[in-house]
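What follows is the residue order along each chain.
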Amino acid sequence: MTPPPRLRPIDFARITSRSFYLQALFAPERQQGPGFAFALVPALRRLHSDALEQGRALARHMGFFGTHPVLSGYVLGVVARLEERRAQGEPIDDARIEEAKRSLASPLAALGDPLFWVTLRPLAGLAGILGLALLPLAGPIGPDLRVLVCPLLALLTYNAVALNYRVAGVTRGYEMADEPGKLLHSLQLAPLRALFGRVSAFLFGFLIVLTLVPMMESADPAGQGAAHTAQVLMPFGLAWLGTVLVLKRWPGRSVELALAAALVALVVSTRV
Amino acid sequence: MLSELLRVALLGGLLAVDRAAGWNLMLGQPLVGACLAGALLNPGPEWELWALRIPLGVGVLLQLLLTDPSLPAAQKPRDVATAGVIGASVAILSLERLHPYLSLTTGGIVWVLVGTIAGLLASVAGGWMEATMRFSHQIAARRAEELVLEGKVSAFERLYWRGVARLFLRGATWSAAATVAGVAAAAMLLPHMARLTGPRAGLVFAAILGVALGAGYHTHVRTPKHGLRWAVLGALAALVVLLRVKAKGP
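From first to last, the protein sequence lines stand for chains A and B. Counted the way this note's numbering counts, the first sequence spans residues 1 to 272. Counted the way this note's numbering counts, the second sequence spans residues 1001 to 1250.
Hints listed in this document are in silico derivations from the structure and should not be mistaken for laboratory results. Worth double-checking, as some hints may not be accurate.
As the list claims (entries may be wrong) - Straight-line Cα separation of at most 30 Å, DSS-like style, residue types lysine-lysine; simulated pairs: (1) Lys1225/B to Lys1076/B; (2) Lys182/A to Lys1225/B; (3) Lys1246/B to Lys248/A; (4) Lys1076/B to Lys248/A.
Work out the full structure: start from the sequences and follow the hints.
Listed below in structure tokens is the structure:
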């Protein structure tokens, strides 16, 4: 008698590596569905020896699927565990697997998008920008190392958090397949978002001062007074205020605003 | 220029895969893309100072301008990944070729402006192209389902890898083509804008910097809960640090 099929650590590693390509065939109709099936191939190959059986199992995962890509490993782990049990003969039907997938994918998307896209990614970019303001310029000899340090700061800030979730996802999902609620709670996504939001605002306040102080100093090198400084800084101030007001009403228009501001400033500059 | 374009294409392709295929390692952010492009296109020791600082300036402005704090479904389609590469590449390649027409006395501000505007325009056009890619993905996904139902799992995997290759090629061709178009546009326009140097460039730069920091305020202060409170604390901390540094003297 052949032993019941069991997933091995190498299968988890393969699923994890494939989860990095989750969105390659992203389309509105199925979103990450084909990517989910693609990531699950190593598990289904281990669990089913027959090609048609593998195909049938894969087809169940080709439909609509949408979650946060960084957290997809947890859903993959849970589904791999359920598929394994099914292959071992436990009475687990398609509906149970689909329900487990959906019950985890939606909350992970709802918690993951605000954490990674809305908070952590901007924070990481800000960390890189702060590197520019804080690190000294290169001396007369040698290159300006900020060109390497700034992107590195951004990459490290983001990946120190995101890679942690990506690497651990499949195994944790597999181990906690029967306790999705506990699994979700253990990820601490909401508290992390609140923390990163505060850090992000704090660092932006820091950046504003580091930008404004040298600007004010260089605006009046001859010591002509506050009125002169205000006049020099007026284009900057007007653009800043206009952007803050417009984005409150119409968010996501910063590209159009920047191009319009450049055009207006160009026209004004040729007439002054 | 061919070898430079090949490097731009390779970088643009990799960053497009990072953004669109699901790596999401932050490589596709404008700051990272612009700095990598600057390091790859360094035209030699005589330009080293500018070749490194200009991409950094382009990357910082694009990073602030292209960071949208809305949820992905509510965002406008913008190709953020290749925008940094294209902006920095246009700035560096134009600097190398057009410097006799525009001086560097303004600290390279003009070239930062050229790169930033090129990057912004590229992000909008690239976003439209990304949207059209979704149709080809939809067709490929239907074919994938047919293959899977026939039990052809290896054929499904090959089809999927072709999808990844398509993303790479789109990013690569778009980066190279947009860079050529940007340098050509700069070659046509900049010689007629010699008066832009000096205070005039400073005015345009100040306006774009104002918009960038306004967008940054929207992202980092308005979006998080109690953001203003924390931003004020950050500003006070920076003031304390600056005062202490100044008190110590040079």
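Do the hints match the structure? See the list:
1. Lys1225/B to Lys1076/B: At roughly 24 Å apart (the allowed maximum being 30 Å), Lys1076/B and Lys1225/B satisfy the hint.
2. Lys182/A to Lys1225/B: Status holds; Cα separation ~26 Å.
3. Lys1246/B to Lys248/A: Violated - the C-alpha atoms of Lys248/A and Lys1246/B are around 37 Å apart, more than 30 Å.
4. Lys1076/B to Lys248/A: holds (16 Å)
Checked against the numbered hints given earlier, this structure breaks only hint 3.
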